[in-house]
Amino acid sequence: MRGRRLGLGILLLGAGALPAAAAEPPIHGFFEVAAGARMVDDDRAADRFLLEEARFQVDFLRDGELGTLAFRADLVHDGIDGESRVEVREGNLFLTPWPRVDLKVGRQVLTWGTGDLVFLNDLFPKDWQSFFLGRDDEYLKQPADAVRATWYGGAANLDLAWQPLFAPDRYLSGERLSFWGGAGSRGPRDGELPTEEPARGLGGGTLAGRLYRNLGGWEGALYGFRGRWGQPRGFDPATGRYTFPRLEAWGASLRGALGGGVANGEASWYRSLDDRDEKDPWVPNSQVRALAGFGREVWPEQNLGLQAYLERTLCTPDAGFTDQNRWGLTARYTGLFLRQTLTLSLFTVYSPSEDDAHLRPRASYQLSDELLVTLGANLFLGAHRDTFFGQLEDNTNAYARVRYSF
Amino acid sequence: MRSTALAVALVASLAAPARALTVDEVVARANLASYYAGDDGVARATLVIADREGRTREREFTILRKDVADGEGQRYYVYFHKPGDVRKTVFLVHKYLDQDDDRWLYLPALDLVKRIAASDKRTSFVGSHFFYEDVSGRSPAEDTHVLKEETARHYVLENTPKHPGSVEFARYTVWVDKQTFLPVKAEYQDAQGKTYRRLEAQQVETIGGFPTVVKARMDDLQTGGHTVLTFEKVEYDQGIAEDTFTERYLRNPPREYLRR
Chain E
0 MRGRRLGLGI
10 LLLGAGALPA
20 AAAEPPIHGF
30 FEVAAGARMV
40 DDDRAADRFL
50 LEEARFQVDF
60 LRDGELGTLA
70 FRADLVHDGI
80 DGESRVEVRE
90 GNLFLTPWPR
100 VDLKVGRQVL
110 TWGTGDLVFL
120 NDLFPKDWQS
130 FFLGRDDEYL
140 KQPADAVRAT
150 WYGGAANLDL
160 AWQPLFAPDR
170 YLSGERLSFW
180 GGAGSRGPRD
190 GELPTEEPAR
200 GLGGGTLAGR
210 LYRNLGGWEG
220 ALYGFRGRWG
230 QPRGFDPATG
240 RYTFPRLEAW
250 GASLRGALGG
260 GVANGEASWY
270 RSLDDRDEKD
280 PWVPNSQVRA
290 LAGFGREVWP
300 EQNLGLQAYL
310 ERTLCTPDAG
320 FTDQNRWGLT
330 ARYTGLFLRQ
340 TLTLSLFTVY
350 SPSEDDAHLR
360 PRASYQLSDE
370 LLVTLGANLF
380 LGAHRDTFFG
390 QLEDNTNAYA
400 RVRYSF
Chain C
0 MRSTALAVAL
10 VASLAAPARA
20 LTVDEVVARA
30 NLASYYAGDD
40 GVARATLVIA
50 DREGRTRERE
60 FTILRKDVAD
70 GEGQRYYVYF
80 HKPGDVRKTV
90 FLVHKYLDQD
100 DDRWLYLPAL
110 DLVKRIAASD
120 KRTSFVGSHF
130 FYEDVSGRSP
140 AEDTHVLKEE
150 TARHYVLENT
160 PKHPGSVEFA
170 RYTVWVDKQT
180 FLPVKAEYQD
190 AQGKTYRRLE
200 AQQVETIGGF
210 PTVVKARMDD
220 LQTGGHTVLT
230 FEKVEYDQGI
240 AEDTFTERYL
250 RNPPREYLRR
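Sequences listed follow chains E and C, in order.
Sequence positions in the first sequence follow numbering that gives the first Met the number 0 and run 0 to 405.
Sequence positions in the second sequence follow numbering that gives the first Met the number 0 and run 0 to 259.
Next up, chain E with everything else stripped away, as it sits in the complex (with noise of 0.2 Å):
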């Protein structure tokens, strides 16, 4: 709520200072309903209905002599908490104070680097609970409060994305997803996860950087971060709380085109700030992650692309269910049918160490211009109930959705 507030700060001051400048009232949007439910029983929650909601995007952009104001919020109702809301996406002010830089202030989406829904140099918040839940793809990225400069220096990039304060991801609290809770499965009969978020203050927040050029067609990328894990991957024996980290992150990533498709490799070093001898089992140690892709057209508007990750937890693993090294295999079948009219896509994760996969296959179909209706699912497996995906078995559901858009 407090981001909320100042996002629309934000805007009324920047409406203020913006001259009228534009001709045309550029507002745009979408009106969606969506529906989705779990395709199996799940004893730890009451409702088969995992989403049932509207939703009415607003999408505001304004320029003036000034900069650029963009303003974009959804109006939800949600059947499933029986609530409305307003969850404001973007609310943002855009500038070029000098030739060489832009500033972007306010509530804005923040992504970089090249993993296919891998991320490892991308901390930015993330909202998984979305993402297992059926919504649209943009809703994987939590909007951020942050201020990010970019510098162009001709030879090379520097971008910094600053948010002020501490945001952690939507991850799986149990709200409406059931998961592994450490001695057992958990779901919203258990209630949501107690978890200790860090002090609001300005200290606690999150400084994240990339420093980018190009090198003969290749696109090569350094990165560093320093803050918080977005999902409480730390405990308190003391208050039984689940806790967020102290995280900081060094990176490198390169892209370019490689026979007739589009190669990536990307590595991240995470040290974890609140365990630096890796002694204290509740706090996650420090890892290496490393990530290789490779995508192209295997046929005319049909597209292909491969990834293998891993995750390299330096010295012995925790107490427990961490295995040193977790590996993960991506598959993305993408194809254009109808004139472009029908997409047909599934994703897979694979994990061979951990026995668990998750697949989302969907289909979109073009009714208009203006109408889109999505089916699609997503599918849990897993030998273990303690595994990433294994976990979310009981989770394995299947949405639909209509959007008009305007």
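It should be emphasised that the hints constitute simulated quantities derived from the structure, not laboratory data.
Only a predicted model underlies this, so the values are computations on that prediction, with no experimental measurement involved.
Possibly wrong hints are sitting among the right ones.
DSBU-like, lysine-lysine: derived pairs with alpha carbons at most 30 Å apart [as the list claims (entries may be wrong)]:
| hint | chain 1 | residue 1 | chain 2 | residue 2 |
| --- | --- | --- | --- | --- |
| 1 | C | K147 | C | K193 |
| 2 | C | K81 | C | K232 |
| 3 | C | K81 | E | K125 |
| 4 | C | K177 | C | K147 |
| 5 | C | K81 | C | K184 |
| 6 | C | K232 | C | K184 |
| 7 | C | K177 | C | K161 |
| 8 | E | K125 | C | K87 |
| 9 | C | K113 | E | K125 |
Facing chain E, according to a computed beta carbon distance under 8 Å, are these residues of chain C, among others [stated by the list, open to error]:
| hint | residue |
| --- | --- |
| 10 | E57 |
| 11 | G83 |
| 12 | S118 |
| 13 | T122 |
No residue lacks a Cβ here, since even glycine has one placed at the ideal position from N, Cα and C.
Given the coordinates of chain E, assemble chain C onto it according to the supplied hints.
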């Protein structure tokens, strides 16, 4: 560059009566007239895509182009205004003659700069009956060209692909206007010699000294559908900055060209 073009045109017109142009000269001039007018260009484009039953869909975008040099590589920046679900999406292409193009797609809702794999250039451009290659040009070096006929108004060229396996046509015939060197009609034939696809320039205007096709229609004679492509607000030699075609302007579209 414009003065060079004028000088070339002048020399060509003086030289014209002296000797007939060779086929390769006609092809080279048609290529430049169609895809390299000015050093750069900007236009607001509309595609009206109709199926056999007459149901239509519409795409509207602003297209910016900058040439590395005449007849060589180019940069394209395509910003979508319509339909609503792709509004603000940007498609960026660095086109090369000797290697696959570099392509990016910017998805604003995710703030995602996506690198996209080079694709078959003879597939639909944004769901229309035009192919990518029709929009950004087919390299003259891909085909062998024969002057089939010379009429009072047109050079009629027959073009045969050097690598037949890479394209869907067996040959195509192009009518090049003798005055403007713009291709005003093209017909694509299959192996049986049947015409299955036809392009017609429906309206030509001279803008900034460059004859420009401002309305073209592509017919798919097999399925009965067609697309009409219209260019409005065409301007050449705007001095579009080179860095417009970089990541910076994917995230921050150059509004002076979009809000004309």
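To see whether the hints hold, each was checked on the structure:
no., hint, in the structure
1, C/K147 <-> C/K193, "holds (17 Å)"
2, C/K81 <-> C/K232, "holds (17 Å)"
3, C/K81 <-> E/K125, "holds (28 Å)"
4, C/K177 <-> C/K147, "holds (14 Å)"
5, C/K81 <-> C/K184, "holds (28 Å)"
6, C/K232 <-> C/K184, "holds (23 Å)"
7, C/K177 <-> C/K161, "holds (26 Å)"
8, E/K125 <-> C/K87, "holds (22 Å)"
9, C/K113 <-> E/K125, "holds (18 Å)"
10, E57, "holds (6 Å)"
11, G83, "holds (3 Å)"
12, S118, "holds (5 Å)"
13, T122, "holds (5 Å)"
In the structure shown, no violation is registered for any of the earlier numbered hints.
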